[in-house]
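Number of protein chains: 2
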Amino acid sequence: MVTSRWTAAPAQTASLRRRGAVLERAILDAALDQLSTVGWNGLTMEGVAAGAQTGKAAVYRRWPSKEDLVADALRAGLPSFEAAPNLGSVRDDLLKLCRQARDAMYSRPGFALRSVIHECDNIQAERFHGVIIKGVVEPTIQLLREVIDRGIERGEVRADAANGYVVDAIPAMMMYRSKMCASEWNDHEIEEMVDQLMVPLLRPYGV
Amino acid sequence: MVTSRWTAAPAQTASLRRRGAVLERAILDAALDQLSTVGWNGLTMEGVAAGAQTGKAAVYRRWPSKEDLVADALRAGLPSFEAAPNLGSVRDDLLKLCRQARDAMYSRPGFALRSVIHECDNIQAERFHGVIIKGVVEPTIQLLREVIDRGIERGEVRADAANGYVVDAIPAMMMYRSKMCASEWNDHEIEEMVDQLMVPLLRPYGV
Numbered sequence: 001m002v003t004s005r006w007t008a009a010p011a012q013t014a015s016l017r018r019r020g021a022v023l024e025r026a027i028l029d030a031a032l033d034q035l036s037t038v039g040w041n042g043l044t045m046e047g048v049a050a051g052a053q054t055g056k057a058a059v060y061r062r063w064p065s066k067e068d069l070v071a072d073a074l075r076a077g078l079p080s081f082e083a084a085p086n087l088g089s090v091r092d093d094l095l096k097l098c099r100q101a102r103d104a105m106y107s108r109p110g111f112a113l114r115s116v117i118h119e120c121d122n123i124q125a126e127r128f129h130g131v132i133i134k135g136v137v138e139p140t141i142q143l144l145r146e147v148i149d150r151g152i153e154r155g156e157v158r159a160d161a162a163n164g165y166v167v168d169a170i171p172a173m174m175m176y177r178s179k180m181c182a183s184e185w186n187d188h189e190i191e192e193m194v195d196q197l198m199v200p201l202l203r204p205y206g207v
Numbered sequence: 001m002v003t004s005r006w007t008a009a010p011a012q013t014a015s016l017r018r019r020g021a022v023l024e025r026a027i028l029d030a031a032l033d034q035l036s037t038v039g040w041n042g043l044t045m046e047g048v049a050a051g052a053q054t055g056k057a058a059v060y061r062r063w064p065s066k067e068d069l070v071a072d073a074l075r076a077g078l079p080s081f082e083a084a085p086n087l088g089s090v091r092d093d094l095l096k097l098c099r100q101a102r103d104a105m106y107s108r109p110g111f112a113l114r115s116v117i118h119e120c121d122n123i124q125a126e127r128f129h130g131v132i133i134k135g136v137v138e139p140t141i142q143l144l145r146e147v148i149d150r151g152i153e154r155g156e157v158r159a160d161a162a163n164g165y166v167v168d169a170i171p172a173m174m175m176y177r178s179k180m181c182a183s184e185w186n187d188h189e190i191e192e193m194v195d196q197l198m199v200p201l202l203r204p205y206g207v
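Heads up: the protein sequence lines correspond to chains W and V, in order.
For what it's worth, the working numbering labels the leading residue of the first sequence as 1, then goes sequentially.
For what it's worth, the working numbering labels the leading residue of the second sequence as 1, then goes sequentially.
Hint data in this document are derived by calculation from the structure and do not stem from the laboratory.
Worth double-checking, as some hints may not be accurate.
Said to hold, decoys possible - A few chain W residues that face chain V, going by a derived Cβ cut-off under 7 Å, partial list only:
#1 S89
#2 H118
#3 C120
#4 I123
#5 Y165
#6 V167
#7 A172
#8 M173
#9 S178
#10 M193
#11 Q196
As the list claims (entries may be wrong) - Counterexamples of contact, computed for chain V against chain W with all Cβ distances above 12 Å:
#12 V22
#13 S36
#14 T54
#15 G55
#16 Y60
#17 A76
#18 N86
#19 L87
#20 K96
#21 H118
#22 N122
#23 G155
#24 D160
#25 N163
#26 D168
#27 R203
All residues carry an ideal CB built from backbone N, CA and C; glycine is no exception.
Produce the entire structure from the sequences given, and follow the hints as far as they go.
Given below as structure tokens:
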């Protein structure tokens with residue numbers, strides 16, 4: 001709120017107090033910034049407040065703890081998943097969906113999430129694993145189910161493919177190779193997985 | 001070595017010094033025992049020596065560090081994988097192999113491995129992840145390849161199934177559900193995975 005003045009000249013002591021969503025956005029951005037410069041261990045509520053050009057109280061009022069703040073900042077920073085791709089073929093839909101999941105996991109907040117999990121203790125890490133699950137894994141699985149259901153309707157996918165093991169195969173494989181081979185799932189690797197694992201797995205009987 | 005005496009009565013001060021493999025086995029067992037009673041954090045080289053009724057020097061001579069000792073103890077404790085099952089059908093071979101992998105991961109050393117990884121710091125955890133990979137994952141993958149190759153020879157499995165994505169599907173899925181759903185992979189769940197994921201994935205074309 002800018003203090004009202006009769007004169008047109010900006011007041012020397014005018015204070016610009018941001019409110020609501022704008023201030024929260026600034027604080028979350030400052031938290032992401034701190035994470036990328038000093039990491040989980042170096043991040044402090046004071047440092048975040050300073051980076052957002054606000055007071056510590058404004059931060060604590062909304063986020064009682066460092067974990068709360070960082071979890072929110074990372075969740076808010078992850079790319080969101082829109083509707084399931086619908087490009088006309090299951091193969092194309094799967095390619096697009098897998099690239100979306102890959103883009104989220106290898107986005108700046110995705111990398112930050114993994115660093116934080118690496119740096120913090122096991123109890124805190126559970127919280128951040130939850131951000132990956134809610135922010136990336138669950139939306140991916142939801143959209144995968146839609147892609148598979150649509151494929152079944154079109155006769156492109158066998159009718160009994162809509163089960164948990166088939167759907168979990170993609171997140172399972174992506175996490176596995178990420179961990180075991182430090183794979184960053186480039187477009188070529190995604191294509192290989194779709195062609196060598198998913199297409200044969202989903203194809204109708206008699207084909 | 002028992003000090004030789006002319007009398008038949010056991011010497012009061014006879015010392016039984018174990019050597020080689022027998023002493024090492026005692027030390028490794030004592031380490032596993034310490035892990036299950038006091039865990040990674042509580043385990044000390046002194047405590048292990050005492051549990052093995054030997055001196056600290058005997059332990060340090062063979063294992064320069066706590067990590068070396070615990071890694072060896074866990075690796076030695078894991079069930080070993082024999083030859084690939086050859087029961088006449090790919091489905092039966094896969095069921096048996098998955099149960100073997102499950103038995104290893106949910107054996108006492110398997111549980112101990114996961115506790116240690118949870119308790120120790122990230123650098124040390126890498127070492128113990130390595131024990132899981134070398135002791136369970138890699139043998140399983142090797143035997144999976146053999147089962148799949150034999151299935152291809154028999155015409156039970158499509159010729160292009162011998163690729164890394166198909167083979168990785170099983171360890172990937174087992175790790176994923178173990179982590180995400182705290183699944184302990186009972187026999188029913190293994191059967192579901194083989195029937196809903198692997199059998200459709202491996203079946204020949206035109207079927």
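Hints violated by the structure (listed by number, smallest first): Hints 1, 3, 4, 6, 9, 21, 22, 24, 25, 26 and 27 are the ones this structure does not satisfy, whereas the remaining hints hold.
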